[in-house]
Amino acid sequence: MAAGAVRRSIHLAQAAYPQRMRRIHVVGAPSLIASSINLMRSCVTEKIRKRYYLHSKTEELLDHFPSRVLPVEWGGEEDSIEVLAKKWRRRVEDLREYLRHLNELCEVTPDDVYENNIYGAVGSFRKLDID
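No gaps in the numbering here: position 99 of the sequence shown is 99 in the numbering used here, and each next residue is one more.
Since the hints were derived computationally from the structure, they do not count as laboratory data.
From a predicted model like this one, the values you see are computed outputs, not experimental measurements.
It is possible that some hints are incorrect.
[Claimed, not checked] For lysine-lysine, the following DSSO-like pairs were computed, each having C-alpha atoms within a straight-line distance of at most 30 Å:
(1) Lys-87 with Lys-47
(2) Lys-87 with Lys-57
(3) Lys-57 with Lys-47
Starting from the given sequences, assemble the full structure and let the hints guide the process.
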């Protein structure tokens with residue numbers, strides 16, 4: 001893939017991403033991944049570029065996060081990663097029915113609601129210019 005195509009792809013992905021990325025921290029990435037991230041960083045805006053952090057050691061996270069929120073394996077005071085994962089699994093299991101209900105609510109409107117052209121165009125015209 002040509003460099004221009006890679007750059008355009010990254011710009012499109014950046015524009016289409018539905019959530020605001022505050023910061024992304026990558027810890028102990030292999031050299032191939034680190035190189036890929038650095039390549040990607042060269043293709044995005046300065047604002048986005050500043051949001052990506054590459055750390056070679058977990059101790060470097062303490063410069064960005066308080067130790068009370070990091071697991072003990074990463075030099076923090078929080079429970080181990082294994083214990084935290086079990087807590088989250090338990091929490092998701094407790095919320096399983098609620099999450100299923102939310103999923104069902106998303107499926108209330110059938111996909112073919114607007115396929116019938118009997119009513120014309122969907123939406124409204126706030127300003128209509130006719131030449």
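Cross-check of the supplied hints:
Pair hint Lys-87 plus Lys-47 does not hold up; C-alpha atoms about 35 Å apart against a cutoff of 30 Å. Straight-line distance between C-alpha atoms of Lys-87 and Lys-57 comes to about 26 Å, which keeps the hinted pair within the 30 Å bound. For the suggested pair Lys-57 and Lys-47, the alpha carbons sit about 24 Å apart, so the restraint of at most 30 Å is met.
Comparing the model with each earlier hint shows a violation of hint 1 alone; every other hint is respected.
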